[in-house]
Amino acid sequence: MAVALELKKVSKVFQKDREIVRAVDDVSMTVAPGEMVTFLGPSGCGKTTTLRMVAGFEIPSAGVISIDGQDITNVPVNRRDIGFVFQNYALFPHMSVFENVAYGLRVKGDRGEEVRRKVREGLDLVGLGKAEKRFPNQLSGGEQQRVALARVLVLQPRVLLMDEPLSNLDAKLRIHMRTEIRRIQKHLDVTCLYVTHDQGEALTMSDRIMVMHGGKVEQIGTPLEIYSDPSSLFVADFIGQANILHGDVLEVSGKTLSIALPGITAKVRAVKDASFVKGDQAAVVVRPENLLPAEGEGIAGTILTATFLGGRMEYEVALEGGQTVLSFDPFLPGKRRWTEGENLRLAFDPAVAVALPA
Amino acid sequence: MNRPSALSTPEKVSPLKRDPALLPALAAIWISLAVFVLYPLFRLFLTTFMVEGQFSFANLGAVVTNWYDRQAFLNSLWLAATVSVSGTVLGYVYAFAVIRIAMPSWLKWLLAAITTLPLISPPFTSSIALTLSLGPNGILLKFFGIENFSFYGFWGTWMSETLTYFPVSFLTLSAVLSAIDPTLEDAGLSLGASPGRVFRTVTFPLSTPGIANSVLLLFASSLADFATPLVLAGHSFPVLPTQAYLQITGLYDLRGGASLSFLLLLPAMAVYVLQRFWVGKKSYVTISGKTGSRSNFKSKGMLAEGIVLGVCFFVTAFILYLYSLILWGALVKVWGVDNSMTLENFRYVFTHGRKAIIDTLSIAAVATPLGGLMAVVVGYIAQRKRFFGNRAMEFFSMLNYALPGTVVGIAYVIAFNERPILLTGTMAILVAAYMFRYHAAGIRAVIASLHQIDPSIEEASASLGAGAARTFFRITVPLVIPAVLMGMRYLFIHCMTAISATIFLVSVRWSLLTTRILECMTELQFAQACAFSVVLILLVFCATAVLTGLTRFAAGRISGQGGRS
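For the record, the sequence lines run as chains A and B. Per the numbering used here, the first sequence starts with residue 1, numbered consecutively. Per the numbering used here, the second sequence starts with residue 1, numbered consecutively.
Derived by calculation from the structure, the hints in this document are not laboratory data. Everything hinted at is true.
Stretches of chain B that chain A covers, calculated by requiring three or more beta carbons in the stretch to come under 8 Å of a beta carbon on chain A: (1) 451 to 464; (2) 475 to 485.
Calculated lysine-lysine pairs in the DSS-like style (CA-CA distance at most 30 Å, straight line): (3) A:K186 <-> A:K216; (4) A:K108 <-> A:K186; (5) A:K272 <-> A:K216; (6) B:K385 <-> A:K9; (7) B:K385 <-> A:K108; (8) B:K385 <-> A:K8; (9) B:K355 <-> B:K333; (10) A:K186 <-> A:K130; (11) A:K272 <-> A:K9; (12) B:K385 <-> A:K16.
Ideal Cβ placement from N, Cα and C applies to all residues, glycine included.
Whenever a hint applies, use it, and build me the whole structure from the sequences.
The following block contains the structure:
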């Protein structure tokens, strides 16, 4: 049922104001049948262009795209059997919800009762069974989003492509729709590519994440791998929040490094595929929720700001070397709170930190 | 996320291959542009610059050294300059009154409606009425007891053209004025400036691009105007379009006429280029999707508003007076001699003028849908498809519109009077002349409306499996239909009322209402001229009402914001 998707050395070169722009640079990846892969990255990193090449809206300058082992690089969009959900929904404003959803079915040659049945099923799937007579401009953003989803799902596409589909919704609805989309995708067992610049979305929805930067792939991995084993400082900094502490490698024993940080020496795990020797510079990635105020030994600093967020305290701390770091301290009533200007020491659990080449 | 919109260089598949329907459409457009735009112009240049098989400035030289022709050139420029200034001033005053001054909405509607009258009337209307008022034995002259007043010449032409063309300026400027955010004026007032100072330092500077645009538009219109000077300028004030016409129809001097029209072409092209590449890019007006609370426009002071309103009401009353004069003129037996009422003139129109009515209507009925179709296809390709020659295609489709009608008419006469393309005397030549001249408005409207429609709507259709043709007819066309209908309305009005190009092309077999009006004027049959005008205005009015209704209906169906970004 579900199909595999493969990108082999795909590049896209634009000419913009006489300058050559490599929007997508030598991207290769394989998506397993039924898998949901998120393209994550900042604006202009090439994620949308990559998705549009898979859809067929753009033709790659180089490389091969195949679905289910079939080379589709030069197949026009309308013969690719994909479903594309647009950032702005792209509902046809002159057609009712029913007509919008029926559009693709009619193109395929379905008629009469069959169209009606499938449209109804599709709208029921997204929970909009009663809206079929309305027009797109009579729907809220979230409802339009669901119509756009139903419109592609009724066609049972081999690959579902979504381009920042939730970016126009408000925060609460966005979180609801995340789980909704993931539920439907799993239920239908359809291979799905999903573009977003929202790391929360990427982390919660995907089987795997492809982090892109400057047209290139930075890392491909499960959300857990990406978060705990970022392969570059860019990924570490882009996914979640990260404090990056620099220090010298004192000792290497297998995958564990002893690193001299200001105030403490920590035994930290080296990231996958990296090799260190004694005397190297290393960058230790410490998540703010792992960098906590400590009694006794630690990195000395001064509180710059202290913000109460309900579940936790957020401290911005200036270290002695001048670097500023973040510390998220879970808050419970009665627990000690630090205030601005106070001196403190920060410590972290080296087991959940990771060292990268600096 | 921003995608670079420029074309991608190493494209393996050309757009033509992806859209097989594109090729025949492109071929059809380019062939028709070549035949009806480029070829006539080419023949015009040949006639102007080739003497006995040699390139030569002799024809042009003859015209330039001729004192009378040189005077005509200078007169044309002078007239165009004065009309562009006076028309813009009047247009600004009107736009200011309608957009910026608090008055009952029916009054605003009335003012705006009156200004559309000159836009849908044949070009002679104000000339005829002014002649009846201020010409020899004019009723206004008699009323005020003025004698020895010569209305023919510069003053009459200037006045008539200002009245005819200021609505163009009004439309341009009211769009600009209503787009200026009133909070900017509020800001000026809150910083301590007086209303007058705010106008001088905020409102007026913000509307300068619109003013420049209006000046250029009116300059071009006046430069190209043929009908008004033909009736009102007389021998003492020759202008180029009429001079070229008389050269050809009076003296059968095709070379002289071609050279004169070439002289006319130079300033017209200059204005076109200026407008397209300079003013077109300058605009302070931004349309953001924000629908925040809009502040009301603040009063500019009683005196200023009083003057503005006074001018508006005076001009409006004068326009109404002119039009009622036409109606009255159509209903009396012999103007100025026997003022008893009669329907005889209308009987004349429906018997002797019957052929002209039917011919004009048939030509309009053929040209309008063809022009609409052309506008959709050209506008679509120009806005949505990217490949070599696209800009040129758009430019050439607008070219006949930018050229003065006289130039187009003379070029058509030269080009289509002999083999290989012999069209003189046919309906085709009239239809082509109208269509390639006035489909420009439709093309612009389609391009503007496609600009508003996000390409993702069409991509959505493709990703749902629809081919290019289905996407075009099921998605694109329904969405641009209001723009097309608007363009068709414009085309229809001009098919019914325009004369400058087609006066060279009428024949015994095909006559036009406008040329019949001109004949009546030259034979001093004022009553019949008035009756023809009334019938023509009513016909145009009915047709526009129908097309406007259709536009509203079509626009209402797709008024949604869904999917539009």
